[in-house]
Every structure is written in C-alpha cells, then in structure tokens.
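Undergrad: Chain by chain, the residues:
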Amino acid sequence: MLEATLHKGFPGRAESAAFHLDLQFTAATGVTVLFGPSGSGKTLTLDLIAGFTQADSGRVVLDGEVLYDSRARVNLPARSRRTGYVFQNYALFPHLTLRENLEFAARQRPGGPSTGEMLERFRLSEVAGRRPSQLSGGQRQRGSIARSLIGQPRLLLLDEPARGLDSGLRQELYSVLAGLTTPVLLVTHDLDEGYALGAQMLVMREGHVIQTGVPRAIAERPATAEVARLLGTYNVLPGPNGQWRCIEYRHVEARPREGELREGEFAATLAHSYEHTGGERLEFAGGLLVDRAPGPLAEHWAVRFPPERLRLLR
Amino acid sequence: MTDWSPLWLSLRVAAISTGMSLVIGVWCAYWLANRDFRGKEILDSLVTLPLVLPPTVLGYYLLIVLGRESSLGQFYETLTGGPLVFTWQAAIVAAFVHSAPLLVKSARAALEGVDSTYEWAARNLGATEWRVFWSITLPLARRPIAAAGALAFARAMGDFGVTIMIAGNIPGRTQTVATAIYDAVESGQGALARTLVIAVSLTAVVILTLANRLNRKAEC
Numbered sequence: 001m002l003e004a005t006l007h008k009g010f011p012g013r014a015e016s017a018a019f020h021l022d023l024q025f026t027a028a029t030g031v032t033v034l035f036g037p038s039g040s041g042k043t044l045t046l047d048l049i050a051g052f053t054q055a056d057s058g059r060v061v062l063d064g065e066v067l068y069d070s071r072a073r074v075n076l077p078a079r080s081r082r083t084g085y086v087f088q089n090y091a092l093f094p095h096l097t098l099r100e101n102l103e104f105a106a107r108q109r110p111g112g113p114s115t116g117e118m119l120e121r122f123r124l125s126e127v128a129g130r131r132p133s134q135l136s137g138g139q140r141q142r143g144s145i146a147r148s149l150i151g152q153p154r155l156l157l158l159d160e161p162a163r164g165l166d167s168g169l170r171q172e173l174y175s176v177l178a179g180l181t182t183p184v185l186l187v188t189h190d191l192d193e194g195y196a197l198g199a200q201m202l203v204m205r206e207g208h209v210i211q212t213g214v215p216r217a218i219a220e221r222p223a224t225a226e227v228a229r230l231l232g233t234y235n236v237l238p239g240p241n242g243q244w245r246c247i248e249y250r251h252v253e254a255r256p257r258e259g260e261l262r263e264g265e266f267a268a269t270l271a272h273s274y275e276h277t278g279g280e281r282l283e284f285a286g287g288l289l290v291d292r293a294p295g296p297l298a299e300h301w302a303v304r305f306p307p308e309r310l311r312l313l314r
Numbered sequence: 001m002t003d004w005s006p007l008w009l010s011l012r013v014a015a016i017s018t019g020m021s022l023v024i025g026v027w028c029a030y031w032l033a034n035r036d037f038r039g040k041e042i043l044d045s046l047v048t049l050p051l052v053l054p055p056t057v058l059g060y061y062l063l064i065v066l067g068r069e070s071s072l073g074q075f076y077e078t079l080t081g082g083p084l085v086f087t088w089q090a091a092i093v094a095a096f097v098h099s100a101p102l103l104v105k106s107a108r109a110a111l112e113g114v115d116s117t118y119e120w121a122a123r124n125l126g127a128t129e130w131r132v133f134w135s136i137t138l139p140l141a142r143r144p145i146a147a148a149g150a151l152a153f154a155r156a157m158g159d160f161g162v163t164i165m166i167a168g169n170i171p172g173r174t175q176t177v178a179t180a181i182y183d184a185v186e187s188g189q190g191a192l193a194r195t196l197v198i199a200v201s202l203t204a205v206v207i208l209t210l211a212n213r214l215n216r217k218a219e220c
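In the order they appear, the protein sequences are chains A and B.
Counting from 1, one number per residue, gives the positions in the first sequence under this note's numbering.
Counting from 1, one number per residue, gives the positions in the second sequence under this note's numbering.
In case anyone wonders, no lab produced these hints; they're calculated from the structure.
Take the hints with a grain of salt, since some may be wrong.
[To be verified] Cβ-Cβ distance ranges computed for the label pairs, FRET-style:
1. A/Ala17 - B/Leu49: 27 to 33 angstroms
2. A/Gly116 - B/Trp4: 30 to 36 angstroms
3. A/Gly116 - B/Trp130: 34 to 40 angstroms
4. B/Asp115 - A/Pro294: 20 to 26 angstroms
5. A/Glu65 - B/Leu51: 45 to 51 angstroms
6. A/Glu117 - B/Asp115: 47 to 53 angstroms
7. A/Glu117 - B/Val52: 53 to 59 angstroms
8. B/Asp115 - A/Ser57: 39 to 45 angstroms
9. A/Ser80 - B/Lys40: 48 to 54 angstroms
10. B/Glu129 - A/Glu117: 27 to 33 angstroms
11. A/Met1 - B/Glu41: 44 to 50 angstroms
[To be verified] Some residues of chain A that are not near chain B, with every Cβ distance over 10 angstroms (derived):
12. Gly51
13. Gly84
14. Tyr85
No residue lacks a Cβ here, since even glycine has one placed at the ideal position from N, Cα and C.
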C-alpha cells in the first residue's frame, strides 16, 4: 500500500514555463495507472517516490514505512527505499551482460530469488551472456523487469514500459504484470494500456490528478470536459452556460442524408473517413468525429446525438 | 654512446606521476562532477591554476612548500632521512603538479558524460554511492579516463620548468629528458640533443595515438 502526498515546484525560465506538481493518492496491490499527456508530471511522480528527486513538501508512506516526510524531516535515500524502477529506456548497464546486470542487483539486496531463477522465469536464460546492445527490445524489457524484481521491491515503478513495443510484446508485458503480487505504479499516455492493466487509474494534467477510478468507469463517466478531452474518445463541443457537451465518437448516430432531416438531427459534411482496427472513423467538417461499423459513404450526412448519451460537463 | 638514463628517468617519473594523478585526480574529478559543496568553485580554480601559471612560478611555490626550511619538507626529511628537493622524487612531484590538472579536467568531463540514468538505476537497486562509482560510473567512463591518463603521461614527460626548479638538473640523478636536452644544446652536444628530441617526439606520438584511439572507442 502506497500513500503519497507530493508538492514540487519549478520556477519559470526563459526556455520553460513554471510547473507545479501537487497531488495526493493511494495505490493498493495491483496496477495503478498514471495516465496523462506529456508534461503532466507522471515521470516526476515516479522519481519523487523513488527518491531520485526531492519534493518541496509532502509525505510518502509505503507499507507503513515513511520514505519521505517533509515535516518530520525524513528523506530516505533512493537506495534504501526498496522500490523497483523500470526506466523508459530500460537502463540495463551497457558494460555488463544480462546475467551480470541481474547479479549486480542480487548482490545489493541478497535473499531474493536467484539470478538463474529469474532468468528462467523471464525466458532469458539463453541470452544471459549477452550485453544489452545485443538483446531485442522485448528481451531488454523483460531483463529490466527481472532486474528490478530480484531485490524483492515493495513497489514497482514503470515508466512507459511498452513504448516502442509491438502488440505481441505488449500483451506479454501485460501478462507479466498481471502475475505480480507487488503493487505497480505504471506511467502511460496510452489509454488502451490503462484498460488492459489498470485496477485503478489516475488521470493527470499539469501536475494535478483530475480524476481517479477504474479505467472503464472513467471512460464512461469523465468527471470534467478536460478528462473527456484527454481520453481522446469524446467529442467535446461548446454547450450552454460555459459547459461542454461531451459524447463518445461511437455514440454519435450518423446516416447518409436522404430527404429531410428528422427530429433531433442536424446536417453535416464529411471531410475524411478511414478504417481502423475497431471499425471506421468519420471526420466531419468542424471536427466532429464518429466511430461506426464500415458502411456506405456520402458527402452529406444527417447526424444525431442520442440525449441519453450526451453528457453536459464543466 | 648515448646516455639513455634521462629518458628512462623521465619514463619512470611520468609513470609514477600518472599513477598518482589517476588516483588523486579521478577522485577530485568525481567530487567536482557529482557533489555540491562549499568552496567547489575555489577548488576548481585551484585545480586549473597549474595549467595557466608559468612552470617556474609553480616550481617556486613548491620550493617554498616542500623546501628544507618548510614544515612539509622537514616532515619528509624525518620520514625518509633525506630532503625531498633536488631528488628524483621531487621530479615526480613536479610532473604530478604539471600534469594532474589536465587529467582532472578530462576525467571530470568523462564522469559527467556518463548517462545519469544508469547511476540512478544502480541506486534504485540498493547500491551505495561508492558501489555506484566503482561498478557503474567508472567502468562506463574508463576509456576517456584512460585517454586522459595517456595525455597526462605525455605532459608529465614533457615538464621542464617545474622540474628544474625543485629537482634540479643533476646528471644521472635528477636529469630528465627535457632538462638533458637543454644541457646538451647548451654544451654544444648537437648529436645527443637530436637523438633525445627524436626519442621524446616518437614517445609522444605513440601516446597521443593511443589516447585518440581510446577516445574514439569511447564515443562509439
């Protein structure tokens, strides 16, 4: 169980705007996904928990042990925090073989599983004698996770571990993570990854958590128009009283226009259309997006927002 | 028959001085590269100073600090039974002071050039700072540091001014190749001077080639 309250500010500079991280959350066993756009403070959150960077104030408690508490002046060094960090580029030591990488980790925190066991478990025994530069992306990734687990961390921190991996390797990663008993904090800006993994998802923007919940529930009921926008599955249109009318692409009803518009419908002109794995996406003039099963196309359309699917959000 | 003893003495002095530079210089470079402490800027300036001061000025300072009248000089004398100045050991001190700053500068750049992600990964796995340095930072910077060592060796071999100030120019005892060439020219022994000049130049070319090769591999 992880409880974190973190505050960290960076003053504005000529080349970068000021940034303030200000968040509070708890993460239980299972995968907690930090979802948000680039620059929302996701990686910074991992670094603060791992002790790579010091917060301005706050408190981090892991399984009852205080890792950081600004008031009590507790700040454990990174080496004493027993978190396992899987870096975006995996950070396997380039001058050591994969086996030596794992042995290095095992020597720092003895008492865990043996190097051989871990290599076996992650199907890396055959390439254990290779340097990281001679491994494939998937092998590097598994090696990095194996290395971080060998010291029996109490929390696993993963920074976009699936970035640049093809879908087969992603699935493999997800099944590895699903088999872990350690709580996992995973950074991603891929919503599908959140779906595939997340017991809990924190939606982050500009250093703040703007919604927390199960990924499916967030996707179906975004708390604000901002969340709906970040999800990338919603049309967010201006509504009454400064509110926003939000509707999922897949819930918009669209038909090629023949004759008069029916009640509740409005006219729209198709700008583009393309097929994707889930079906077909229509893009109308003005930016309205619609997902549907592939069907006949036309230039002029009648579009309708089913009232029960339309959400009015701040 | 050419007297090769100055060349051998120079090689010996440069080797010992480079060994000292590697230990002390890399340690110093590590502090400058990784730690924030009071007086860091002053230490950095002090380390750079020997690169810009005339060697005779350095030699003068060393004479004051290590001479027979000084407390350090007297401490050395009680330890070894003889003075430090005007011995071949003083030539080592001269070579060290002349060449170590070069190594500190290059080693600092080499250490700072190591991707800090690897160091953080090691700390995250539970490694102490000492372990991070020995097992990660230093091995990753080994080639440029070795190249810096080679350059320091070449510079140590070439010192004239500091050596002549504190070790003198005693043939067979403290005469290094640089001072021997000076002597040879002064006393009209053109052939000896030429031979020694060629020998030093060849040694320097070999060392510089080695340093370049190490640096090139480090970039790959």
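Undergrad: Hint by hint, say whether it matches the structure.
TA: Hint check results:
1. A/Ala17 - B/Leu49: 27 to 33 angstroms: The hint (27 to 33 angstroms, Cβ to Cβ) is violated, given that A/Ala17 and B/Leu49 are roughly 41 angstroms apart.
2. A/Gly116 - B/Trp4: 30 to 36 angstroms: 57 angstroms, violated
3. A/Gly116 - B/Trp130: 34 to 40 angstroms: Given range 34 to 40 angstroms: violated, Cβ gap about 28 angstroms.
4. B/Asp115 - A/Pro294: 20 to 26 angstroms: 47 angstroms, violated
5. A/Glu65 - B/Leu51: 45 to 51 angstroms: 49 angstroms, holds
6. A/Glu117 - B/Asp115: 47 to 53 angstroms: 29 angstroms, violated
7. A/Glu117 - B/Val52: 53 to 59 angstroms: 58 angstroms, holds
8. B/Asp115 - A/Ser57: 39 to 45 angstroms: 30 angstroms, violated
9. A/Ser80 - B/Lys40: 48 to 54 angstroms: 26 angstroms, violated
10. B/Glu129 - A/Glu117: 27 to 33 angstroms: With Cβ atoms ~29 angstroms apart, the hint holds.
11. A/Met1 - B/Glu41: 44 to 50 angstroms: Between A/Met1 and B/Glu41, where Cβ atoms are some 45 angstroms apart, the hint holds.
12. Gly51: 8 angstroms, violated
13. Gly84: Non-interface label fails for A/Gly84: nearest chain B Cβ at 7 angstroms, not farther than 10 angstroms.
14. Tyr85: Given a closest Cβ separation of 4 angstroms, the condition is violated.
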